[in-house]
Structures are given as structure tokens and as C-alpha cells.
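Each chain, written out:
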Amino acid sequence: MELLDRYLQAVKKHLPWRRQDDIIAELRANLEAQLEDKEAELGRPLTQVEGEDWLKQIGSPIQVAARYQRQQYLIGPALFPTYSYILKLVLTWATVIYLIAGVVTIGAQGMGVEALAALSVLRVALRLPWIWLINAAIVTLIFVVIERMSARFPEKFGAFGPLAAHMSGPMTAPWSPIDLPPVGTGDPDWAKPRSFTRALLGVLSGCFFLAYVLLVPHYPFLLFGPGAWYLHSLPYQLAPVWWTFYWWMVAINVFELAWKIVDLARGAWQQPPNRGRHLAMHAFSLIPFGILLAAPEHKLFLLKNPADAAKLGGALAAANNGVLLAFKIVVAIVILQLVWMGIKMGLDAYRKRVAA
Amino acid sequence: MTLREHLFENLRLELRRGCLTLAVLAQLKQEHYGYTLRKALASRGMEIDESTLYPLLRRLEAQGLLTSEWREEEKRNKRFYRLSSDGEQIFARLLEEWNQINTSITNLL
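Here the protein sequences line up with chains P and R, keeping their order. In terms of our numbering, the first sequence has 297 at position 297, counting the first letter as 1, and numbering is strictly consecutive. In terms of our numbering, the second sequence has 29 at position 29, counting the first letter as 1, and numbering is strictly consecutive.
Since the hints were derived computationally from the structure, they do not count as laboratory data. Take these hints with a grain of salt, some might be off.
Here chain P is said to cover these stretches of chain R; the calculated rule only asks that three of the stretch's residues, wherever they fall, bring their Cβ under 8 Å from a Cβ of chain P [claimed, not checked]:
1) 30–36
2) 52–60
3) 92–102
A short list of chain P residues far from chain R (calculated; beta carbon distances all over 12 Å) [what the hints assert, rightly or not]:
4) Lys-13
5) Thr-92
6) Leu-200
7) Val-203
Each computed DMTMM-like pair below joins lysine to aspartate or glutamate, with the alpha-carbon atoms no more than 20 Å apart [claimed, not checked]:
8) P/Lys-38 with P/Asp-22
9) R/Lys-39 with P/Glu-256
10) P/Lys-38 with P/Glu-50
11) P/Lys-38 with R/Glu-61
12) P/Lys-12 with R/Glu-73
13) R/Lys-39 with P/Glu-39
14) R/Lys-75 with P/Asp-5
15) R/Lys-29 with R/Glu-5
16) P/Lys-56 with P/Glu-2
17) R/Lys-29 with R/Glu-97
Note that the structure is predicted; figures quoted are calculated from it, not measured. All C-beta atoms in this analysis are idealised placements derived from N, C-alpha and C, irrespective of residue type, glycine included.
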């Protein structure tokens, strides 16, 4: 039957070349035997249309050939959970590192030039999807190689191979139920109410810290130690913006202390800590740093004697730029923490709503 | 095909997949080549497509559960398969597993 020859030829094209002759010989023998049976049943050869219908019923050449291919995953089900875990980890860290690097770059390039800074922010934001794509591609490529190796050398790289235990990481690492965290929201500190002693200690430590902060301007050695006398002899002084920063810090501490005292008086310490309040206090702490970053002419330190500008101006500018950069990094880290806490709170709220 | 039928079809195929291997191993206690094996299975109510059965035989042979040899029969070269000694042991264990599952399901229904 010419149609069968054409069909087998089409199947052969899609078979693995090493085994194609053997497979086609076997398939031909089986299909010819089947054809003979059909023709014996009918008492005549199949018509063209009947032959077409029969071959259609067997399946398209590509489909039939595909069944003979070795089952190969890009990343198989045994490796996929580890792949997914590592991918999430890598993407999270890549985002954090890239954003910090971006903030530092913007700080270094766009300082004092707002239009340039805005452009840099846009550039950083637009590059982020590429960072994800590149990192995801690298992780995927590594896992594809592992998958291929485990298929080719199952004794070394297979699911139970000695190397697999090292490569598969936390997903297959030995574990014990004893090590599991207690039942709660996943972060035990937020799940449990505090004890009265802990709440009282919170108020007392707040009082001591506020007293310390209030004493520092009068007794600088409390902050700088013996270095206070050395600093006093330097030709530099703090810019007035530091006083604004200082009083904001005092105000935030007074506010937090007052809240702790009210909590203690009302017995609110018997309830788990309020994450929203913690988030708000974290956000407030950005204000004083924002004030420093917005210092007039970006000057945090000034010369005691302006006549020294020619001699000490370079060192002063370097100190101002360096400290401002450090504060920008601090602000970037605090913002990332806030975003992370916000996302966690949002997800928890969503889960609670879904569960309800 | 509706979504519900598609779901049923997927579950049906999943259920049949393991059973097909067991049926083929059971039938190959006697020697067969592809087409007669298919007919023998169909005559006992286990219909299998050509495009499923013939590659399955190759896979089971590659796994060492079947042995095969080319031999001429009725003026045509055919590849005959039968259970290997490893295949017999695995089949016995699978059959035991099948009987346990069957008993459990019967008890559940």
C-alpha cells in the first residue's frame, strides 16, 4: 500500500536517527499485519478513503514519532520545587541588591540636579525587568543542565544520587518535625502577647534612652566618648540642620514613649504587638533623615572659620558628600524594609480575609 | 469538549496509564509481537491505541522488563516480546499492589 509507505516515511523523519530504521521496521510489520486483517475481514483491499481514515485514526506522523522520543523535561517534577525556591530567592536578592545599587548610583550622579535624579530613577526602574529576566535565565539554565545531567548520569546526579543532595538544597535536606516553628503567623514575636515585665521594661528603657538623647548635646562624650575632645579641636562644626534632625529624633522618641506608657496604663500589653503601629514608627523615622538629605546646599558640616575654605574646602566637600551618601543608603534600606513589611502585612491580611 | 469533559478525560487517562503497563506485562507472560499483543488485549477488553502500545513496548524493554527478538513469521520479520526475569519479579509486585488497591477501592465503594 503506497499510502502506508508514505506514512511510514513521514514518521521516520521525526524519529531519533539512531533507532529510526529499527522502529520503522517494527511499525511496518505491525501495521501491515493489521492491514492484512482488515482486508481479510472486508474480502477486498482498502479503498483510498478507507486507507486515509485508518491512518488518520492511528495519528499524525509527528504525534506517532513523538511517542517514541525519550521523555525529557526542561526541568522535571523532581527538581521543580527546588528550582522554584531558588528562583524566588535569587529574584528577591537581585531586586534588593539592584535597588540599593541604584539608589547609591542616583545619589552619586544626581546629587543637586533634580532632573538628572528623576531620569536616573526612571532608568533604574526600566532596567529592573531585565535584571529579573537575566537572573531567571541564569537560574533556569543551571537547572536545565542539572536536569540533563541527572537524566544522563542518574547514578551521580539522579534523585537519589550523592550529588543531588548537595544540589537540591533545603528542599531535600534532612529535617526534623521538632525544628518546625511554633504555630502562629510565621513570626512568633508578632503572634504572642508580651508579658507585663516586658512592657514595663519597654517603658523604662524608653525613658532612659530619651534622657540619654536629651543629655548628649550638653555632654557630647556620652555619644563620642574621649573622641568628643578631639572633635572639639577640629576646624569643622555641625550645620544647623543637625538641630532640626535632633529635635525630630527627640519628638519621635517622646511620642513612642508616650504611646508605651498609655499601652501600659490601658493594659494593651496583653495583646500581641500592633504591626501597623510598628510600620508607622518606622516610616516616621524617615523624616529626620529626609531633613538631613534636604540640608541647604547639601552641607551637613561647616567650617568654624570660613577663611579656611581655600585650605580645607576640598576635605569638607568630600566629608559632606560621603556622609550624605551614607544617609541615602540608610534611607534606601529603611524604605525597602518598609515596603517588605507592608507587603507581608498585606499578604497576611489577604490570607485572613480568604480564610474567613 | 467542555471543561468538565476535558477534566474527566485527563483523569481517565491518568487512571489508565498505570493499568496499561500492568495489562501489557500480564499479557507478555506469553510471547507476542506488537499487533497480536494489541489484539489479545482488545479481546480481553483492554483497547490500546497503536501509537501508545508500540512505544510503550520499547520503553519497557529499555527498562529491562521485557526482552525481544526479531524473527520471521508468515514471511514477515516481526519483533517478538516477552517478560524478562526482572519483568516477572516487578510484575508480581505490581500485581500485589494492584490487588491491594482494588480491594481498598471495593471496600470504599
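**Request:** List in ascending order the numbers of the hints, as given earlier, that are violated by the structure.
**Result:** Violated hints (numbers, rising): 3, 8, 9, 11, 12, 15; every other hint is consistent with the structure.
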